[in-house]
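Going by the working numbering, the first residue of the sequence shown is number 61, and it counts up by one from there.
Mixed in with the good hints there might be a few duds.
[Unchecked claim] In silico EDC-like links for lysine to aspartate or glutamate, alpha-carbon gap of 20 Å or less:
#1 K104 to E114
#2 K104 to D63
#3 K104 to E124
#4 K104 to E135
[What the hints assert, rightly or not] Label-pair ranges, simulated between beta-carbon atoms:
#5 H118 to L79: 27 to 35 Å
#6 H118 to Q85: 49 to 57 Å
#7 A89 to A136: 21 to 29 Å
Hints listed in this document are in silico derivations from the structure and should not be mistaken for laboratory results. Cβ coordinates follow ideal geometry from the N, Cα and C atoms, glycine included.
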Amino acid sequence: MADFAIDRIANSAVQLVQLQPLQHQNEVANAWILGTTIIVDAVKVCLDELDMIEASMHDFIRLEYSWSTVQSSVEAAIAALRASSTSWLWIRRRPSGRSCILTAPSTT
61 MADFAIDRIA NSAVQLVQLQ PLQHQNEVAN AWILGTTIIV DAVKVCLDEL
111 DMIEASMHDF IRLEYSWSTV QSSVEAAIAA LRASSTSWLW IRRRPSGRSC
161 ILTAPSTT
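Generate coordinates for the entire structure from the input sequences, incorporating the hints supplied.
Structure follows, in structure tokens:
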């Protein structure tokens with residue numbers, strides 16, 4: 061099931077990149093790769109902490125530390141995604157108003 065979901069997300073990302081003008085496709089692809097990397101790192105930290113929690117269910121301090129680590133990881137990932145989206149790409153509405161496209165910010 062997870063493999064199917066990953067394939068669908070990757071296919072959607074490829075389609076989104078291909079919908080962009082040629083001069084912006086590289087930036088859009090880089091933003092998607094960066095965002096995916098940030099999220100994967102946060103998920104890895106969470107899974108590692110879950111593995112450690114099972115071994116130390118009797119230790120309240122360790123549980124609190126694990127929760128703090130997971131919370132910090134998720135908050136850092138969200139902050140990184142917000143920072144990368146504002147500095148790399150902006151989301152703009154198409155004139156039709158029906159869908160969003162990603163465009164590189166102008167340098168002027």
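Hint check results:
1. K104 to E114: holds, 16 Å
2. K104 to D63: Holds, at about 17 Å.
3. K104 to E124: Holds - the C-alpha atoms of E124 and K104 are around 18 Å apart, at most 20 Å.
4. K104 to E135: Holds: K104 and E135 sit about 14 Å apart, inside 20 Å.
5. H118 to L79: 27 to 35 Å: violated, 53 Å
6. H118 to Q85: 49 to 57 Å: Check passed, 53 Å falls within 49 to 57 Å.
7. A89 to A136: 21 to 29 Å: This hint holds: roughly 23 Å between Cβ atoms.
When each numbered hint is compared with the structure, a violation occurs for hint 5 only.
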